[in-house]
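There are 2 protein chains.
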Amino acid sequence: MVVPFTVALYTLAEARAINPAQKNRSRAFILKEVMSLKTITFSMTTPLIDEYRKKASFDVNTLRNIIDGEEFVEAKPQEDFAKALAAIDALETFDQGTAARYFLHANVFGSAVRSLGTDRHAETLRQTEQNEIVGCFCLTEVSHGSNTQKMQTTATFDKGEFVFHTPNIGAIKCWAGNLSHSATHAVVFAQLHTEGRCQGLHSFVIQVRDMKTMKPLPGIAIGDMGEKPGDWNGVENGWMKFDHHRAPLWTLLNKGCDVTPEGKYVTSFKSQSEKQSVTLGTLSVGRMGIIMKGANACILATTIALRYSVARQEMPVFEYPLQQYRLIPYLCGGFIIKIFQKRFQNHFVEYMWRVMSGEKSEELAEMSKEIHALSAAAKPVATWMGIEALGEARRACGGHGFLTCSRLNDLRESFDPSQTYEGENNMILQQSSNIIFAKLKEPHTRTPMGTMNYLLDTPKQFSGFSNCIVEDVLSAYKYLIRHLVKTSMRDYEKLKTTGKDSFTIRNEIQVHRAHTLSIAYGEHAIIQWGLEFVRDIAEQKSKQVMQRVLSLYSLFVLDKHLATLYISGYCSGPEFGDGIRSSLRLTCASLAPDAIGLVDVLAPPDFILGSSLGAEDGRAYDRLMEVFLKHENESPPFQKDLANFLAQRSNNNSKL
Amino acid sequence: MVVPFTVALYTLAEARAINPAQKNRSRAFILKEVMSLKTITFSMTTPLIDEYRKKASFDVNTLRNIIDGEEFVEAKPQEDFAKALAAIDALETFDQGTAARYFLHANVFGSAVRSLGTDRHAETLRQTEQNEIVGCFCLTEVSHGSNTQKMQTTATFDKGEFVFHTPNIGAIKCWAGNLSHSATHAVVFAQLHTEGRCQGLHSFVIQVRDMKTMKPLPGIAIGDMGEKPGDWNGVENGWMKFDHHRAPLWTLLNKGCDVTPEGKYVTSFKSQSEKQSVTLGTLSVGRMGIIMKGANACILATTIALRYSVARQEMPVFEYPLQQYRLIPYLCGGFIIKIFQKRFQNHFVEYMWRVMSGEKSEELAEMSKEIHALSAAAKPVATWMGIEALGEARRACGGHGFLTCSRLNDLRESFDPSQTYEGENNMILQQSSNIIFAKLKEPHTRTPMGTMNYLLDTPKQFSGFSNCIVEDVLSAYKYLIRHLVKTSMRDYEKLKTTGKDSFTIRNEIQVHRAHTLSIAYGEHAIIQWGLEFVRDIAEQKSKQVMQRVLSLYSLFVLDKHLATLYISGYCSGPEFGDGIRSSLRLTCASLAPDAIGLVDVLAPPDFILGSSLGAEDGRAYDRLMEVFLKHENESPPFQKDLANFLAQRSNNNSKL
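As they're listed, the protein sequences go chains A and B. Counting along the first sequence from 1, when you hit position 204 you're at 204 in the UniProt record's numbering, and nothing is skipped either side. Counting along the second sequence from 1, when you hit position 438 you're at 438 in the UniProt record's numbering, and nothing is skipped either side.
The set of hints was computed from the structure by calculation and includes no laboratory data.
The list cannot tell twin chains apart, which means a pair is met if one copy fits it or any two copies do.
Here are the computed lysine-lysine pairs in the DSSO-like style, where the Cα-Cα straight-line distance is at most 27 Å: (1) K212 / K640; (2) K486 / K500; (3) K460 / K560; (4) K486 / K560; (5) K500 / K54; (6) K478 / K560; (7) K640 / K215; (8) K460 / K439.
This one's a predicted model, so the numbers in the text were calculated from it and none came from an experiment.
Using the sequences and the hints given, assemble the complete structure.
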């Protein structure tokens, strides 16, 4: 695992040169340090943060082991795998750009060749694993982001070869990471033309640069897309334009289909949708990682802002209830989304394993749809919360949060595109509700992961709080989801009578209805799985604090649906709304003594966190001064010019 | 006005060198172009955006004149002033950093000397106006941002001079723009010590650098605070530490107070609060400008995103109702906040004029409080909406919105600190509710600007919609505000019985109560003044479209309070909530044909907008390609190393 890592890091030093803020983070530094994770020791130097540490009602190391899972503690034989996972985790929080370059080469490009290709691509696969080539993944085109079937690049059979061509500006491949300067090979999606007709979208693995000169091959133009903010500036997001570029027939990734030397198209797929479901896995793997980005954003944001909030000796800003209210819910979000993502990833790995092993069951088809619906809902929910958390953390740190040395704005820039790649959040929410609507037409809604089981139940109106607020929140969600299903479908039927097509109608029922439905479906699943996780915690103190963490997350996300719950008829009068909000305030206040301890559970070590405000020792002001003193009494060249300018003005005026 | 402008721009070229993204915006370029504003002509080249332009129900130029006000059309004698205002406006949308440097020298430093000083500061004032010196304003200290009375820098009388001293790290002056490398003079706030005791916070104007060498004077250390994102990186936000620095007695800005050569403190102020109210004006002037930043952020965000939304020839994303819903409310926000800010600024100028002319009436004291309450509420409301707009616009442009050439992330970074400076938004909201609570103890709540007149009325519950949705929204706000006043005060009294001090109690009633109250108070005033502005529009087509613009803004901001309205008992059942939300969707849809025309009313010219996606001609894809083609077939030096690395790996593996 260490070897492909090196390739991903290869151009880091150069890429970083573009962004002066990152200059000091050198490749050697990462390689040396990144393997020494999870060995956090607290240096008890500053009284105040340590005072807050002592307030925690639980043991930090115990809870960390519960959240990280057993493998880190007991699974000795897999220690290398665990180390590698920790390295990827660390790289994600340290620099998402480098993480992406590694992931795009080894996982996205590599996985595509592995899962869409056959034996004849074994040599390409070996070269990928041995880092003899650098791969990139070309799907998106300039004017088609989220609709894969509309791609316009063509690969036309001609005299025993494929001819790749870009018919217009809008069909130029773009956003492919690693492409601009480094990639030697690419997985390319194109419309396959042979036997005089288009056979649909297919994937190919082609060489794009000469291995010695690194110049693009004939018929290929490649370039960078220009500057981007944050970590992504060094990712080499490139564009590629084909002008009748020729490649051999074996470049077709031919699992389930092929083109013979005579140009005959053959396929073992029974339907278009069966072909698509093979591609699905390759496209969905990214979303799993992005859900974790939402958790990471919450964790980094609140680590920095909460530690800074206790840095001031007299009356730390942490003591203001509003400051707690602004930050602690996002800390809870970091925990609950992380817990959800780990379970979801396990399901996904199981699913992929069954697909790879050739299983073709009804249940697996169901699972494919459920994974699609859930990832399309959870990715927006997680990433929006992460971006919100980073914005709120910056504001909660006041002006000092705006300094680059706080890393908060840098983090927001770096996490920002997570809302867009692998499916723009609002677009994929629509996919989620479409799957739910289709499911509702079936006789039952039981699903392999159980996230839709309740869809046909008739939920009850609010009649008072139970002794478990999370169960109360889940009940409200079930009613809300039922209400949104009903209003979406009512308006769908109403619009159908006007003669509009289903594409238009689905777009017209998004606002306040199908869009909210998908969000609520995702949040319900996250809370449900959180509840099941917390129930299974054996150690009592960890369990108790995690119950409150889950409660606060649940109340915080439900609060945004309160108005719709009133409109739906779930509740009336002040009881429910007041009850939810006072629980919110009380749970938040009850977690205040645990907040710094909870931060310690999830926070990366200081050199990964890279924030002057958020260091573990709580000495934010000393670290700020270190930054300030670097710039003491500077004398840039223009000062002389300015002095001359002012003197000249003064002379001119005295002459008048 | 052109002259101080030059000083502000003086170091721009150097400052820009820090940020490569800005390199191409040279000083000469700005100076040449910035005066040629408001001469927009449309080049009718691309069909699609022009198709959308034709859909507008109103005349763009007529509406622009209505929004900009008569002075630009009729006031020929003030043409220079109008040009200067336009230049500042343009500079604000072009580069807030440069605008800030100009403003800090001429307006903040200059105004402080003018309004807090006396005749003996006339020469300093002349030098400021003639740009013979460069000024900065030093109030904030490292560990004290928003609480001015807690400042710790001291100015102690000693042998006929003041000795300035920084007692500890937390008392170092910071965030002073222009200070790091350029400022020769500074207005400094310090605790004045003489006659053996502290006389409270006073202001001084002192020289900080040698005019020839530009080195800090003895006993002064100055430095930059380090890198910041966006436009603010070139602002020279500096820190200053005093080590027994000596300055003459005349440096005290001595309006209403003085220290004699013998060290005797004399004052004509009758009370501490009278002294504070003199300083108030200087501190409040900034907030006016920041409210406009909120409007500018909305305008720039929606100009870029809406024009890009109609760029794609087949099925522009603008046609999706969700896309319209994500953007058009913020466009309306730009209009309504701009209208509000102009009226508020007129009130403020009148107030300042009366203060300067020595008026000391009951009404003026009332106006001072109302200005404070309203600016403390409107600044958060405006800037939060602006930041939201920029985030939503970036997302609505998909991946291409993330490219630096879209300018959207850059704008978000540049507007981000508006939420913090001149009072952190959440902190100043508390000031607003405190003034409201105090007002409620008086026999009536009539105020000079009329924004609190309704506070003691007993508003009615919802009983059905009228034929004016804006009036309906205002009625709901009145009920909401009354409810929030009641719950805040109820909880205040409850907490008082527990023996807590009023500072703590005021903090504990913020979440869901006093905090929301201030926001609602600000939004109500913005809508009310919007309504009065729209009522006065004579031209019918402009009036009709502006009625819908105001409706959409009003519905959009009220929607966020729907849950609280249900909890308050204002409404029950689905009617009100469903009514508000369906009006929201319908009004938004009704504005869709006008959206591109409305953008044209407020959008700055292309060279100021500086976005590849948002250009007036709608040719976003062509402009993107211009950026892409700059990077075609680049061959950075590391490519050779990478080729060698890959070849070596290949050789090693073939040897095995």
